[in-house]
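Asker: Chains as they are written, first to last, in the numbering used here: chain A, 4 to 270; chain B, 3 to 82.
Errors might be hidden in some of the hints.
Straight-line alpha carbon distances no greater than 30 Å define the calculated DSBU-like cross-link-like pairs of lysine-lysine that follow [stated by the list, open to error]:
| hint | chain 1 | residue 1 | chain 2 | residue 2 |
| --- | --- | --- | --- | --- |
| 1 | A | Lys-164 | B | Lys-37 |
| 2 | A | Lys-140 | A | Lys-225 |
| 3 | B | Lys-8 | A | Lys-258 |
| 4 | A | Lys-215 | A | Lys-225 |
| 5 | A | Lys-53 | A | Lys-5 |
| 6 | A | Lys-140 | A | Lys-229 |
| 7 | B | Lys-8 | A | Lys-140 |
| 8 | B | Lys-37 | A | Lys-140 |
| 9 | A | Lys-225 | A | Lys-53 |
| 10 | B | Lys-8 | A | Lys-186 |
| 11 | A | Lys-53 | A | Lys-140 |
| 12 | A | Lys-225 | A | Lys-5 |
The following residues of chain A were derived to be distant from chain B, with all beta-carbon distances above 12 Å [claimed, not checked]:
| hint | residue |
| --- | --- |
| 13 | Met-4 |
| 14 | Phe-16 |
| 15 | Ala-63 |
| 16 | Arg-64 |
| 17 | Arg-75 |
| 18 | Gly-92 |
| 19 | His-101 |
| 20 | Ala-184 |
| 21 | Thr-220 |
| 22 | Arg-226 |
| 23 | Arg-257 |
Calculated directly from the structure, the hints in this document are not laboratory data.
Since we're looking at a predicted model, the values are computed, not measured.
Cβ coordinates follow ideal geometry from the N, Cα and C atoms, glycine included.
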Amino acid sequence: MKSFQGRTLSWRFVDGTIELLLDRAPCNEIGSETLGELEQFTSALELLQKEAHALIISSARKEGFCAGADLRELYGRCRALRPSERVAGVREFLERIHRVMNALDSSPLTTIAAVHGVTFGGGFELALVCDLIIADKMARFCFPELRLGLIPGFGGIPRLKRDLGNAVVRDLLLTGRSINATKAQSVGLISQVAAEGDALRVARATATQIGKFDRETAIAAKRFIKPIPREEAHREIDVFCELFTQPAVEAGLRKFVESTDALPYLP
Amino acid sequence: MATLEKTTEEILQLAAEHFNVPRAELNSTDDFFTKLGINSMQALDLLTRLEQHFRIELPDYELQGVSDFRTLAERIQSRL
Numbered sequence: 004m005k006s007f008q009g010r011t012l013s014w015r016f017v018d019g020t021i022e023l024l025l026d027r028a029p030c031n032e033i034g035s036e037t038l039g040e041l042e043q044f045t046s047a048l049e050l051l052q053k054e055a056h057a058l059i060i061s062s063a064r065k066e067g068f069c070a071g072a073d074l075r076e077l078y079g080r081c082r083a084l085r086p087s088e089r090v091a092g093v094r095e096f097l098e099r100i101h102r103v104m105n106a107l108d109s110s111p112l113t114t115i116a117a118v119h120g121v122t123f124g125g126g127f128e129l130a131l132v133c134d135l136i137i138a139d140k141m142a143r144f145c146f147p148e149l150r151l152g153l154i155p156g157f158g159g160i161p162r163l164k165r166d167l168g169n170a171v172v173r174d175l176l177l178t179g180r181s182i183n184a185t186k187a188q189s190v191g192l193i194s195q196v197a198a199e200g201d202a203l204r205v206a207r208a209t210a211t212q213i214g215k216f217d218r219e220t221a222i223a224a225k226r227f228i229k230p231i232p233r234e235e236a237h238r239e240i241d242v243f244c245e246l247f248t249q250p251a252v253e254a255g256l257r258k259f260v261e262s263t264d265a266l267p268y269l270p
Numbered sequence: 003m004a005t006l007e008k009t010t011e012e013i014l015q016l017a018a019e020h021f022n023v024p025r026a027e028l029n030s031t032d033d034f035f036t037k038l039g040i041n042s043m044q045a046l047d048l049l050t051r052l053e054q055h056f057r058i059e060l061p062d063y064e065l066q067g068v069s070d071f072r073t074l075a076e077r078i079q080s081r082l
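In isolation and in its complexed conformation, chain A is listed as follows (with noise of 0.2 Å):
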């Protein structure tokens, strides 16, 4: 299917790239009905991917890229369950998003993350699957996870080690605060920053170069280059769902929910 219009996502190909847009209000949180179609490209790709080059990922939504896990929903699921059957529910959400997020992190193209303003939590994650990230200067990423006694879940920390050294990752994810693009640069994080509003074009301008080289090549650099810590993930699930029995979790996700504070990501 080389183009699909889904209700939170959309895909098309062109010349060679596949551009996934997400577009679901307010700011791409990730819930059921975005994994179902996350699912669903997941399954396409395996197709297309033998006739591209590279995969950019961004969002339609003014606000972000992508706000992350959506936490009224499961809150909302949470609630309706018995507390027994909650962690079971949140395991069988974890391990899809985590074959989602593997599938795109090993895909054999060259993947990019073209994002702007908010790229937090699972946004974070889903960035952070990709070979480059290419942001817009307004551009903020951040790991609240803990504000809400949780981890990330979506496979965010071993990507992160994998990516970055170990005095930023505790600094992000132990302070759960925000930076900005320049920060993210300098850190490594991020390959290109672009001016406000320009981040696509310029992960379209760098698809166009990546089209020039021989696909094998690529795909045997990349292969190299870039390993999938499907292990560490996994164990990443294992403590989110131990985690996830404490009375503190649902204290935090109901303050999220039900705050009408200005910042309701602050602690």
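Here the structure of chain A is known, so what remains is to put chain B in place on it, guided by the hints.
Answerer: Just chain B now, kept in the frame of chain A:
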């Protein structure tokens, strides 16, 4: 080093320009969420613009409980 007054004025100018509010309608003691009519995501946008303008890093947790321009200027001033 810039004075607190100068830093406050630069914040007011930047906020007025970006959020299309006449500068004359903004005062240092105003609640910027109310006065600019911004939500949490727009507040992060303002934070990024301030970091770029002043060439500083300002962790968002330092803004917890901060809602007026003057206190925001004090937080920025401590990073200059």
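Asker: Which of the stated hints cannot be reconciled with the structure, identified by number in ascending sequence?
Answerer: 1, 3, 11, 16, 20
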